[in-house]
Each structure stands twice: as structure tokens, then as C-alpha cells.
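*Asks:* Residue numbers for the sequence shown follow this note's numbering, so the first one is 38 and each next one is one higher.
Treat the hints as calculated values from the structure; they're not laboratory data.
Beta carbons: idealized from backbone N, C-alpha and C, even for Gly.
Among the clues, some could well be false.
Unchecked claim - With beta-carbon atoms standing in for the labels, derived distance ranges:
{"id": "1", "residue 1": "L96", "residue 2": "R61", "range": "18 to 24 Å"}
{"id": "2", "residue 1": "G56", "residue 2": "T82", "range": "17 to 23 Å"}
{"id": "3", "residue 1": "M65", "residue 2": "E90", "range": "18 to 24 Å"}
{"id": "4", "residue 1": "S86", "residue 2": "S106", "range": "22 to 28 Å"}
{"id": "5", "residue 1": "I75", "residue 2": "E109", "range": "16 to 22 Å"}
{"id": "6", "residue 1": "K116", "residue 2": "I57", "range": "21 to 27 Å"}
{"id": "7", "residue 1": "D81", "residue 2": "A125", "range": "35 to 41 Å"}
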Amino acid sequence: MFRSWPILLPVYEAGGWLGIGVPRNTPMEIVEKLNSEINAGLADTKIRSRISEQSASVLLLLTRNSSKSVAEYTDKWAKVIRAANIKAE
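Could you build the full structure based on these sequences and the hints that come with them?
*Replies:* This is the structure in C-alpha cells:
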């Protein structure tokens, strides 16, 4: 996964991230293999350099931590959406 730096102001925060997901019932050995290979690629200095050129940074996550991160991110922004009464058009 890699993410851009968040923009922080006194009452405003924005940021973004990209990740790769697989279907829920994908066997864990496949998930772990994909995670290992993707993280190896993201550890490559040439790839990190290209990502850095895009004003982004690399955050390597273990498989078990990524689901938690997605859930926390979803919960955080769901609260904002409800508080602001934002509706899909």
C-alpha cells in the first residue's frame, strides 16, 4: 500500500491511500504470498523513488494489519459523512 501525505489544517484533514485487495475467501497462503511479493516490490529503491516523485510515501502493512486499517479508516469517514449529512447523488 502507498499513501499520499495528508493535508493538515486546524479543522481539516484530507489524505488518500491505495491498496490491493482480494476476494474474502482467498486462501491465506495466497494472501500472504501476494503480500510478501508486493511488499518486496515496494521495498525496491527504484519503485520507492518513483512513488516519492508523486508526493506519496510507502507504508508496508502485514496482512493482519491491513484489514484493521481499512476498518478504522471506514469508520472514521463514515462518522464524518453522517455528521455532515452527506448523501450520494
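*Asks:* Does each hint fit the structure? Answer for all of them.
*Replies:* The hints, checked one at a time:
{"no.": "1", "hint": "L96 - R61: 18 to 24 Å", "in the structure": "holds, 23 Å"}
{"no.": "2", "hint": "G56 - T82: 17 to 23 Å", "in the structure": "holds, 21 Å"}
{"no.": "3", "hint": "M65 - E90: 18 to 24 Å", "in the structure": "violated, 34 Å"}
{"no.": "4", "hint": "S86 - S106: 22 to 28 Å", "in the structure": "holds, 24 Å"}
{"no.": "5", "hint": "I75 - E109: 16 to 22 Å", "in the structure": "holds, 21 Å"}
{"no.": "6", "hint": "K116 - I57: 21 to 27 Å", "in the structure": "holds, 26 Å"}
{"no.": "7", "hint": "D81 - A125: 35 to 41 Å", "in the structure": "holds, 39 Å"}
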